Amino acid sequence: MNSVEGFVTQIQGLSSTASDVSVLQNLLKQADESLHAESTRLLPFLDQLDPSKHSLGYLYFIEACTAGPVTKEQASTFALIIARFISSCVADQIRLAPDKFISVCKRFKDQVLLLEEPLHGVAPMLTAIRKLQSSTEHLTTLHPEFLLLCLLAKCYRTGLSILEEDIFEVDQPRDLFLYCYYGGMICVGQKRFQKALELLHNVVTAPMSTINAIAVEAYKKYILVSLILHGQFSTSLPKYASSVAQRNLKNLCQPYVELANSYNNGKVADLETYVKANEEKFESDNNLGLVKQVISSMYKRNIQRLTQTYLTLSLHDIANTVQLNSPKEAEMHVLQMIQDGEIYATINQKDGMVRFLEDPEQYKTCEMIERIDSSIQRLMTLSKKLTVMDELMSCDPLYLAKAGRERQRLDFDDFDTVPQKY
Amino acid sequence: MDFSVLNGALASKSFDRIADICDNLMLQVAAEGVAFQDEWPFAIHLLGHIYVDDINSARFLWKSIPAAIKESQPELVAAWKIGQKLWTRDYAGVYDAIRGFDWSQETQVLVASFSELYTKRMFGLLLSAYSTISIQDAAQFLGMSEDDATNYALRQGWTVDPVSQMLTVKKQAIVREQKLDPGKLQCLTEYVFHLEH
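Just so you know, the sequences run in chain order A and B.
Using full-length UniProt numbering, the first residue of the first sequence is number 1, and each one after it goes up by one.
Using full-length UniProt numbering, the first residue of the second sequence is number 1, and each one after it goes up by one.
Hint data in this document are derived by calculation from the structure and do not stem from the laboratory.
None of the values given here were measured: they were computed from a predicted structure.
One should not assume that every hint holds.
Straight line, CA to CA, 30 Å or less: simulated DSS-like cross-link-like pairs of lysine-lysine [stated by the list, open to error]:
no., chain 1, residue 1, chain 2, residue 2
1, A, K106, A, K53
2, A, K191, B, K81
3, A, K300, B, K70
4, B, K85, A, K300
5, A, K328, B, K171
6, B, K85, A, K350
7, A, K191, B, K70
8, B, K81, A, K300
9, B, K179, A, K364
10, A, K154, B, K85
11, A, K154, B, K63
12, B, K120, A, K300
13, B, K63, A, K300
14, A, K154, B, K81
15, B, K184, A, K384
16, A, K191, B, K85
17, A, K195, B, K63
18, A, K281, B, K63
19, B, K63, A, K106
20, A, K350, B, K171
21, A, K384, A, K364
22, A, K154, B, K13
23, A, K292, B, K85
24, B, K63, A, K276
25, A, K292, A, K191
26, A, K364, B, K13
27, B, K70, A, K154
28, B, K120, A, K191
Partner residues are not named here, just some residues of chain A that face chain B (Cβ under 10 Å, in silico) [claimed, not checked]:
no., residue
29, L80
30, V122
31, A123
32, T158
33, T365
Listed next, the stretches of chain B that the computed footprint assigns to chain A, with coverage defined by at least 3 CB atoms under 8 Å from CB atoms of chain A [to be verified]:
no., segment
34, 2 to 16
35, 50 to 60
36, 67 to 81
37, 125 to 137
Backbone N, C-alpha and C define an ideal beta-carbon position, used for all residues, glycine too.
Let the sequences and hints guide you as you build the complete structure.
Printed below as a string of structure tokens:
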């Protein structure tokens, strides 16, 4: 019969070498139920364990302690204990029980939210991700939790740092949906619209067998970001999007699709009327801020269109065509677009004219070559990864069985039959 | 709370590092569950973001500060005023916000340095965006009197027409590096190899 004290002694004794830890892991797995039964007594025993040496044992104990409901006072104690555990634990040991580690971290997130201190959890959650993931290409269940904390604590820059990493391995599909959705929101907050569009695009075109709420909300933002960035939006999704998405997303986001239609007509006044009429809907979706950015992007779009027709144009004419109130307002708009790199032009105040210029980039500089070089390198790495995946898949029994069935139907003269069963 | 790294950066005038230092320190301190807000140098943190032209982060920082602290620290409110003017692109208003407050000893150097940097940035903007501009407007953009603005522009090679009160911009040819190094040949070889296989 094992008492809690007995477990503590075992943990202390079996945590030094890898083989000892394996033995310990088996013991702990068997003891898990008893630990949970004693959950209320476990807290004081944590002092006898060192999270940096006895990480696995500590993990089992803390997981059992926090399994039940927690009051606000307890949350405060536990949150601090877990934060310290995360920063001192040994990655190799906690990776032996990833599910438990994830549970503990999720509860940590719940606790800091209960205490209304999301900032408290940002740094520990990032450390937890680094210890859990096998490489920076690996997306864990903790990634979206981290991004959620960043959003709530308004630490957008910190969240952005993890979004720069390319992901090739995903644990759970839901992780990917949430990660890309929250990631899109963080990019929107930092005005990184291109990256936001890519992330939201991933949510909307990801494989799904039934429509899910994350994809619907992502689609709404996808429409708005697409209008802000490209000034246009097409309702047809690419072929690789799931049929479920292609059939249903448009219908579930009707006000946004109509907003896009109104935008395409190019008249700011009509767009503003439509937005006013549907303000409540946008507000309740928390998208009103983005919608307002869509409206201001329309002035930019209209000015950009002028560059396709004119070499020079007066500020007065710009104001009239784009429906601004005065030539001075037009001048300020053009100046801001020049500042943001959205247009190449010079303003001549003496004559009240704007001269539109060509993009001066000649793609001859060292800087540009570095950029092209790094893009090519990334593409080469991606291409190699795809080749490896392709080879793995062509050996997959499920794939071969399906291919074999289809080949038999099509190639009557083919003597090379692929076995359907092994 | 250990502010030695921050103080070091302030002393050595590495103002562009302040935002990063403050962000990281704040996350570390928050992770320890310490209630840090009353002692946190929010004004400097905010000015750090403004210095590197990251108005988005400045906005979010401002939003996350408790109302009680905003009310008790007029310097913080003054710092945000600068950020606000930058956000709304009230180019001339930025100078008013900078000059409209009696900055404390710690922040004075930072604000003065930002003011110089901002003037240079504005001049760069005028250089790229205008072929001619009125003296009056140029003075507003540069935060100087009309005479000072004219002299500043003349020193940069611009010309002035006193009759129309207009400055003519002198564009500067930007020289960009175009020499290639032999290492690029190796890269090209790798690309061709990759494409062949």
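A/K384 paired with A/K364 [C-alpha distance capped at 30 Å]:
It holds: about 29 Å lies between the C-alpha atoms, which stays within 30 Å.
Straight-line Cα separation of A/K191 and B/K85 no greater than 30 Å?
holds, 18 Å
- Task: Mind checking the alpha carbons of B/K179 and A/K364 for me, to see if they're no more than 30 Å apart?
- Result: holds, 9 Å
Check: Is the hinted pair A/K154 and B/K81 satisfied, with a Cα-Cα distance of at most 30 Å?
Finding: This hinted pair holds, its Cα atoms lying about 20 Å apart.
*Starting from A/K364, check that the Cα of B/K13 is at most 30 Å away, please.*
Outside the cut-off at roughly 36 Å; violated.
Hint consistency between A/K154 and B/K63 [alpha-carbon to alpha-carbon, up to 30 Å]
Judged against 30 Å, a Cα distance of about 8 Å means the pair holds.
Taking 10 Å as the limit, does the beta-carbon of A/V122 come near enough to a beta-carbon in chain B? holds, 5 Å
Quick check on A/L80 please, does its C-beta sit within 10 Å of some C-beta on chain B? holds, 5 Å
Would you mind confirming whether the straight-line C-alpha gap from B/K63 to A/K106 stays at or under 30 Å? Holds, because 26 Å separates the two Cα atoms, which is no more than 30 Å.
Original post:
Straight-line Cα separation of A/K195 and B/K63 no greater than 30 Å?
Top reply: holds, 24 Å
- Would you mind confirming whether the straight-line C-alpha gap from B/K85 to A/K300 stays at or under 30 Å? Within the cut-off at roughly 21 Å; holds.
For the pair supplied as a hint, A/K191 and B/K70, confirm whether the alpha-carbon distance does not exceed 30 Å.
-> holds, 26 Å
Hints 3, 26, 34, 36 from the list above are not met by this structure, while the remaining hints are.
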